[in-house]
Structures are given as structure tokens and as C-alpha cells.
Amino acid sequence: MLFSAGLHVLTLVFLLLVYFVFDLRAIYLLFLLLIAVLVFAEHKLVRPDCLDRMDIAFFHLNSAISILLFLGVLAGRV
Amino acid sequence: MWLTKIHMYGRLIKFSHTVFALPFALAAVLLANIYYPVSFRTFALIMIAMASARSAAMGFNRFADYRYDRINPRTANRPHVSGQVDRLSVLLFVSFSAAVFIVSAALLGRVCLIMSAPVLVILFLYSFAKRFTTLSHLVLGFGIGLAPAGAWVAVSGALDWKILLLSFALMTYIAGFDILYSCQTSNLTANRTCFHFPPAVEPQKLCFFPPDCMC
Numbered sequence: 001m002l003f004s005a006g007l008h009v010l011t012l013v014f015l016l017l018v019y020f021v022f023d024l025r026a027i028y029l030l031f032l033l034l035i036a037v038l039v040f041a042e043h044k045l046v047r048p049d050c051l052d053r054m055d056i057a058f059f060h061l062n063s064a065i066s067i068l069l070f071l072g073v074l075a076g077r078v
Numbered sequence: 001m002w003l004t005k006i007h008m009y010g011r012l013i014k015f016s017h018t019v020f021a022l023p024f025a026l027a028a029v030l031l032a033n034i035y036y037p038v039s040f041r042t043f044a045l046i047m048i049a050m051a052s053a054r055s056a057a058m059g060f061n062r063f064a065d066y067r068y069d070r071i072n073p074r075t076a077n078r079p080h081v082s083g084q085v086d087r088l089s090v091l092l093f094v095s096f097s098a099a100v101f102i103v104s105a106a107l108l109g110r111v112c113l114i115m116s117a118p119v120l121v122i123l124f125l126y127s128f129a130k131r132f133t134t135l136s137h138l139v140l141g142f143g144i145g146l147a148p149a150g151a152w153v154a155v156s157g158a159l160d161w162k163i164l165l166l167s168f169a170l171m172t173y174i175a176g177f178d179i180l181y182s183c184q185t186s187n188l189t190a191n192r193t194c195f196h197f198p199p200a201v202e203p204q205k206l207c208f209f210p211p212d213c214m215c
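From first to last, the protein sequence lines stand for chains W and U.
The numbers in the numbering used here rise by one with no breaks, and the one at position 20 of the first sequence is 20.
The numbers in the numbering used here rise by one with no breaks, and the one at position 205 of the second sequence is 205.
Everything labelled a hint here was simulated from the structure, so no lab data went into it.
Among the hints, a few may not be true.
[Unchecked claim] Partner residues are not named here, just some residues of chain W that face chain U (Cβ under 8 Å, in silico):
1) Phe3
2) Ser4
3) Leu10
4) Leu17
5) Ile27
6) Leu29
7) Leu30
8) Leu33
9) Phe58
10) Asn62
11) Ser66
12) Leu69
13) Arg77
Beta carbons are placed, not taken as given, at the ideal position from N, Cα and C, and that holds for glycine.
I would like the entire structure built from these sequences, with the hints used as guidance.
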């Protein structure tokens, strides 16, 4: 879980760098915040001792995260 | 009849999971469009290339994992295991998808064509990497993470370091949740399908740096 969490922290760092490098509008950060909340929720939802909720986390949360990223870039383009 | 077949192949390759990487590739197109024009033709070819590369990779993964999927309760009802799609058909599906990917890459330009073969190799490599290294999660992430970079190259004709940030974001995102997801098959993988892991490791320990052999 720790390694996975570390990778997802890196994900958020890279997505933050995208904001600066492409000079996106501040609204992108709002979407990034939502993504961070969902990533956090995913790690809270999925525990090694409770794997039956994995599919819910895997499909719904990750779908939402990806779509939020796209919408964030769409809204944040100058 | 045709709809049933399409649905079956869609289940085989979990087409619905395309939603994870596709928005990243679309975001790359949007970012590239800040600097370069994007025609409908280019956009359509990028979508075709994305879908076909993913279909080839997932189909190949099913083909390579056949004997493991048979003994995994979670995957035992997949079409290639239940007999709804035979192994030869899976192989033909992979070949067709790979051919569509290469042709669409060729239509996107010379650089895309040159890069299409290495991309397929990397995508197929995952199916074997997970047999011998726990770093296979990163191999999967790297393969899928190429999507934004590929979309950028398709639009601009060259790679730019800036889009690699989005590729790294997708890579770490995919690798991270692949590790979480792999916990589902930890008992199976620890006992039977991955060669370099200690048997019967507790999920808590596996999830710190687990084996996978999933997907």
C-alpha cells in the first residue's frame, strides 16, 4: 500500500507540474484537488484485508479520476 | 450475432477500462492544440491508434495468461477461458489489432510509424515481465503512459519534454492502482504463477510490493 501510495503522490506532483509548464488557468487546480480527494478515497476504500471492494474502487474511482483530468485540462487551457 | 461477438471481445479485453487512459491521451491532444492545429483526421487516427494498441495488448495478455486465468477463480469466466472465444481467435484478434495500430500510426506520420513497433513490444512485454519481476507494475504503467506522448507526437510530429510530465503522471497512476488491484490475486500469484515470490505471503506484505500476474 505504501509503494502504491507513493506512486500516486508522484502522480499528483506530475499533474501539478503540468499546470505550471502549460500555464493553465487556476480552475485546473480545482480539478486537481478533486482528483487528489478521489485518490485519497481510493486508498481509504481499498485495504488489503478488505479486497471485495476493489472492483468498485478500481473502476468507478479511476474512471472519475481520468475524466476529471481531461475536464481539468479542457477548462484550464488558456 | 455480430453485436454478441463484439460484446464478447469487448469483455475479453475489458474495453470499458479504456476510460482510464483515453482521457489522458485526449488531454495531451488538447495541450498539443495550444501550439499546433489538430485536424479531425488526426484526432480520429489517434483514437483508432489508442483503441487498437490497447486491444492488441489486452488480447495478447489474455493469450499469454491462458493457463493462469483457468486456475484463477476471478478470471475463470472470461470468454477465452470459458471457451466462448478460442485461443486461435484471440491470436487473430491480437494480430488484427496490431495491424490496425501500425497502419493508423503510419497515417499519422513517419515518426509515429517508426515508434509503433517498439510501443507494441513494450505493451506485450508486460505479459512476460510479470512472470519474473515485481517491477512489472511499472512496465505496465510505462507502456500505458506512452499514450499522452504518442498523442503529442501524432499532433506535432516530434516529442517535447513537457508532455512527458503527463506521461509520467499516467505511468505512476496506472502502476499505483495496478499494485492495489493485484492484491486481489495475491494468494494465487504467490502460490502458482509468479516464480520469484515467496509463497503464501500475507496480503498486507504483498501490497507493500506485491506480485501481480493479474489484468
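Here's how the hints hold up against the structure:
1. Phe3: With a minimum Cβ separation of about 5 Å from chain U (threshold 8 Å), the hint on Phe3 of chain W holds.
2. Ser4: holds (4 Å)
3. Leu10: holds (4 Å)
4. Leu17: Because about 5 Å separates Leu17 of chain W from the closest Cβ in chain U, which is inside the 8 Å limit, the hint holds.
5. Ile27: violated (14 Å)
6. Leu29: violated (15 Å)
7. Leu30: violated (16 Å)
8. Leu33: Hint on Leu33 of chain W: violated, closest Cβ of chain U at ~15 Å, above 8 Å.
9. Phe58: Hint holds; Phe58 of chain W Cβ to chain U Cβ min 5 Å, cut 8 Å.
10. Asn62: holds (5 Å)
11. Ser66: holds (4 Å)
12. Leu69: holds (6 Å)
13. Arg77: Where the cut-off is 8 Å and the nearest Cβ of chain U is about 6 Å from Arg77 of chain W, the hint holds.
In this structure, the earlier hints numbered 5, 6, 7, 8 are contradicted, and the remaining ones agree with it.
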